[in-house]
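If you read the sequences in order, they're chains E and B. Under this note's numbering, the first sequence has 57 at position 57, and the numbering climbs by one with no breaks. One rule links them: number in this note's numbering = place in the second sequence (from 1) + 1000.
A hint or two may mislead.
Claimed, not checked - What follows is a set of in silico ranges between Cβ atoms, one per label pair, in the way DEER data are often shown: (1) E:Ala-675 / B:Val-1100: 15 to 23 Å; (2) E:Leu-758 / B:Ile-1082: 16 to 24 Å; (3) B:Asp-1105 / E:Lys-711: 27 to 35 Å; (4) E:Pro-612 / B:Val-1100: 35 to 43 Å; (5) E:Lys-558 / B:Ile-1082: 31 to 39 Å; (6) E:Gly-36 / B:Ile-1082: 55 to 63 Å; (7) E:Arg-728 / B:Asp-1105: 47 to 55 Å; (8) E:Gly-184 / B:Ile-1082: 41 to 49 Å; (9) E:Ala-544 / B:Ile-1082: 21 to 29 Å; (10) E:Glu-150 / B:Ile-1082: 46 to 54 Å; (11) B:Val-1100 / E:Ala-544: 29 to 37 Å; (12) E:Gln-3 / B:Val-1100: 30 to 38 Å; (13) B:Val-1100 / E:Val-662: 23 to 31 Å.
To be verified - Stretch-level coverage of chain E by chain B, calculated; a stretch enters the list once three of its residues show a Cβ under 8 Å from a Cβ in chain B: (14) 614-628; (15) 649-659; (16) 680-689; (17) 717-727.
As the list claims (entries may be wrong) - Under 7 Å between C-beta atoms, here's a sample of chain E residues computed to sit facing chain B: (18) Leu-209; (19) Val-213; (20) Glu-398; (21) Leu-579; (22) Leu-639; (23) Met-642; (24) Ser-645; (25) Val-662; (26) Ile-663; (27) Phe-674; (28) Ser-695; (29) Val-748; (30) Leu-760; (31) Ile-761; (32) Gly-762.
No lab work stands behind these hints: they were computed from the structure. These numbers come from a predicted model, not from an experiment. Ideal placement from N, C-alpha and C gives every residue a C-beta, glycine not left out.
Here is what each chain is made of, one letter per residue.
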Amino acid sequence: MHQALLIYLTVGGAAFLFPGVGGKRRALVPALLLAGFFLFFLFKLPFIAETGAWHQVILWIPELGLNLEFLLDGLSLFMVILVAGIGALVFLYSRVYMKEYQETGRFYLYLFLFAGSMTGLVLSANLIQLFIFWELTSVLSFLLIGFFHEKAEARRAAFQSLYITGFGGLCMLAGIILLGSIPGSYSLPAWLASSAAIRASSFYVPGLLLILVGAFTKSAQFPFHFWLPTAMKAPAPVSAYLHSATMVKAGFFLLARLAPVLGGTPEWKYIISSVGVLTMLVGSYLAISQKDIKSILAYTTINGLGILVLLIGINTEQSASAALIFLFVHAMYKATLFMMAGMIEKKTGTRDIDRLGGLARHMPVSFIIALLAALSMAGLPPMLGFLGKELIYEAKVELPGINFPLLVLGVLSNILMVAVSLAFLYKIFLGPPRRYAVAPDEKGWLLLAGPAVLALFSLVLGLFPDLIGNTLINTALPVMHAGAGEVDLKIWHGVNTVFFLSLLTVFFGLLLSWLIIRKTTLLEAWRRMNNAIFYIRFSELFSAAIDRFIAFSGRKEKVMQHGYHRYYILTIVSFTALLMWGKVILGGVEWPEMHVRVESFFIPVLVGVMVPAVLYSTLTRSRMAAIIDMGVVGYGISLIYMYFSAVDLAIMQILVETLTVVIFVLVLQRLPRFAILSTRRTRIRDLTVALVFGSVMTMVALFAVQANVPKPVSEYFQDRSLTDAFGRNVVNVILVDFRAFDTLGETVVLITAALGILVLIGKKTGKI
Amino acid sequence: MEVILAILVGILFTAGVYLLLRRSIVKFIIGFIFISNATNLLVFMASGLLAGAPAFIRDEGGEKIIMADPVPQALVLTAIVIGLGITAFTLALKYRFFQVTGTDDLDQLKRTDQ
């Protein structure tokens, strides 16, 4: 599998590396690659159905549990086929849709990378690797939403989605690391093996919650749902691909992957299904009151994602099969509808539902395609959507315990969905015709090809559900729900509870859509009521909070980053000094023994000379005196080295000190005199800080002398110096022989400094 | 002995930090030199102070003699040389800074990057 991804990346990357080459035909490269993926993985189906899974591990950093692990089982096969198949069609669609825009190369590159990341995501079996792909899809989603970056709205929408999905991604990472500590691995098979231990651990609930935040933000669950309608600022192919068919399903995919590990507990069941129900209702309710056709679709997507999350929360065999079918159905009709919405916008110049109508006359083929998709969305026969809805009802009916409220709310949401689908389809295509600037047409057959293929798939699979049931679904089902049998898909289930529920849904749905079509005042009233109830606009509230945070950072930055060099130093030094004193006083460090033994008078006398020199050098106002005293201190230190057996150090110190003094004097001639720049108070403050720091350094020095470190390295050098390197001066041998490369590096540093000086001194005028 | 040297290290650090906090760049550089000297001395002290036993190998095959630890000396030697490089570069930078801005005041540095 990694070979497939590598080929994808190299071939596609090569196509985009050279901007002028290939022109607008470049969109075909990723389309062909994705079609290749589609076929490749489709032909893997018999193999997977037989063996169960294809697991590849490439060791990367095995010590940290970071490996590249790819897993192709029924579930990832199911997802990858959707990602690749719809991806190929979306690229074909974009080829025409994006024709008139600038910088389409950038657009295709992002979309191409997204398709690759999404494929990588669904194939990942290592959770850290999954997280990396997850974040990649977030970033690419950001870039694609903000594709029309000259529009402030698009930029804001892009940032909003990035903040929310990025926040979720980080929470998810924390959750993964937390739970990964239980099996000591990030590999999915390892998690599966120790699922009981994970569920029993005290980390389970916090870890689960963190991972859920990740899944919920990505899949636009309430209360994070608002980024999805805002993201409709993106071009239509992006909405069709990322924000309906694939990326937003990643949250569901993660939950489906982890259901065998984390599922089956009350926390899982109640948290996930209640969030799912809420999202489902919010989505279907708000869909009706929207005016923008893409917003309507966005809210119906939220509804669909809510249903998916609800089903994964219930986590029974029926709900798993219902979720899989519904995921497939939803991807099909929603991608179709988004592409149709994009086409309608292109041809009529508007997305406002109130300004659209009577389009069936101008765009008959589009009407048929949209009709098929809308029927599927409404869950009406003979489309695949009908089967999806039936299965969902069945799953809820057979659920022990909480089924009744769930059923009522589910029926309610489905009634709204029927109404949304049919009423708006009628309004756009059959309702009273409007005046358009240019008569809409259906030029550009590629715009219709993708939606047509998907709509026909929905129809054919609806009529012959075994085509998908016996293949993709039955392979994927055991992954989500261990020991699940085969799902039996058929249109006619006989007269039972589910049948009555369907009848009820269709009846009220039709009634509601009739009301919406006939009584425009009703819709107006609905919108007004909605504005009154949902007066909190999550999206705007969020943006305002972000703006406030940025303003706060700006103010804080002005205080912290004042630009005064010495205050930075003051902060660093005083903080370090306090920390070290804290360690000395509170840390339970043993006080060093003080040996005030005076073995010879050499050192005390020397220090007696050096200390006044230091003080004088610090306090004098004469530059020359300061430098000479600095030299005195340096020579004094060289004498200390000499006394304590470090001959080489002493020689080097004398040389360096001499050079320093000479350079200083040379430079000093061209510099102004010292001026008193600071007040008395400042000086006292600085002196205090300096004393606190200096005194703690004295403590450190006393500790340092008594640190008895074993010296195997030194002994090695001492033993080998003469025998291996033929040198008697061990320090010399270390520098030029054992650690010669270090010395080479040191030389490079000196040369670099010399070059820098040359440049600085050599320039006569201009700025630094 | 150690106590005296430790106090010297402390005094050097005190003077160094005090000079680092001054606005004059020349003082800043002197402070920097003090701190680098003090650090070298500190590292050197940590290797244990041993008078009159340089790390020389005297005769072949003889029994082991006690000598000063050569590794910290090698490290400090490197540090001294690098310190020189930095000092010289800072001085050149300072010279250039004064040529361009005509001031010795570090606080003025705040404005030149805007």
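Hints, one by one, checked against the model:
| no. | hint | in the structure |
| --- | --- | --- |
| 1 | E:Ala-675 / B:Val-1100: 15 to 23 Å | holds, 19 Å |
| 2 | E:Leu-758 / B:Ile-1082: 16 to 24 Å | holds, 18 Å |
| 3 | B:Asp-1105 / E:Lys-711: 27 to 35 Å | violated, 48 Å |
| 4 | E:Pro-612 / B:Val-1100: 35 to 43 Å | holds, 37 Å |
| 5 | E:Lys-558 / B:Ile-1082: 31 to 39 Å | holds, 36 Å |
| 6 | E:Gly-36 / B:Ile-1082: 55 to 63 Å | holds, 57 Å |
| 7 | E:Arg-728 / B:Asp-1105: 47 to 55 Å | holds, 52 Å |
| 8 | E:Gly-184 / B:Ile-1082: 41 to 49 Å | holds, 43 Å |
| 9 | E:Ala-544 / B:Ile-1082: 21 to 29 Å | violated, 52 Å |
| 10 | E:Glu-150 / B:Ile-1082: 46 to 54 Å | holds, 50 Å |
| 11 | B:Val-1100 / E:Ala-544: 29 to 37 Å | violated, 45 Å |
| 12 | E:Gln-3 / B:Val-1100: 30 to 38 Å | violated, 58 Å |
| 13 | B:Val-1100 / E:Val-662: 23 to 31 Å | holds, 24 Å |
| 14 | 614-628 | holds (count 7) |
| 15 | 649-659 | holds (count 5) |
| 16 | 680-689 | holds (count 3) |
| 17 | 717-727 | holds (count 4) |
| 18 | Leu-209 | violated, 46 Å |
| 19 | Val-213 | violated, 41 Å |
| 20 | Glu-398 | violated, 70 Å |
| 21 | Leu-579 | violated, 15 Å |
| 22 | Leu-639 | violated, 12 Å |
| 23 | Met-642 | violated, 9 Å |
| 24 | Ser-645 | holds, 4 Å |
| 25 | Val-662 | violated, 10 Å |
| 26 | Ile-663 | holds, 6 Å |
| 27 | Phe-674 | holds, 6 Å |
| 28 | Ser-695 | holds, 6 Å |
| 29 | Val-748 | violated, 10 Å |
| 30 | Leu-760 | holds, 4 Å |
| 31 | Ile-761 | holds, 6 Å |
| 32 | Gly-762 | violated, 10 Å |
Consistency note: the structure conflicts with the earlier hints numbered 3, 9, 11, 12, 18, 19, 20, 21, 22, 23, 25, 29, 32.
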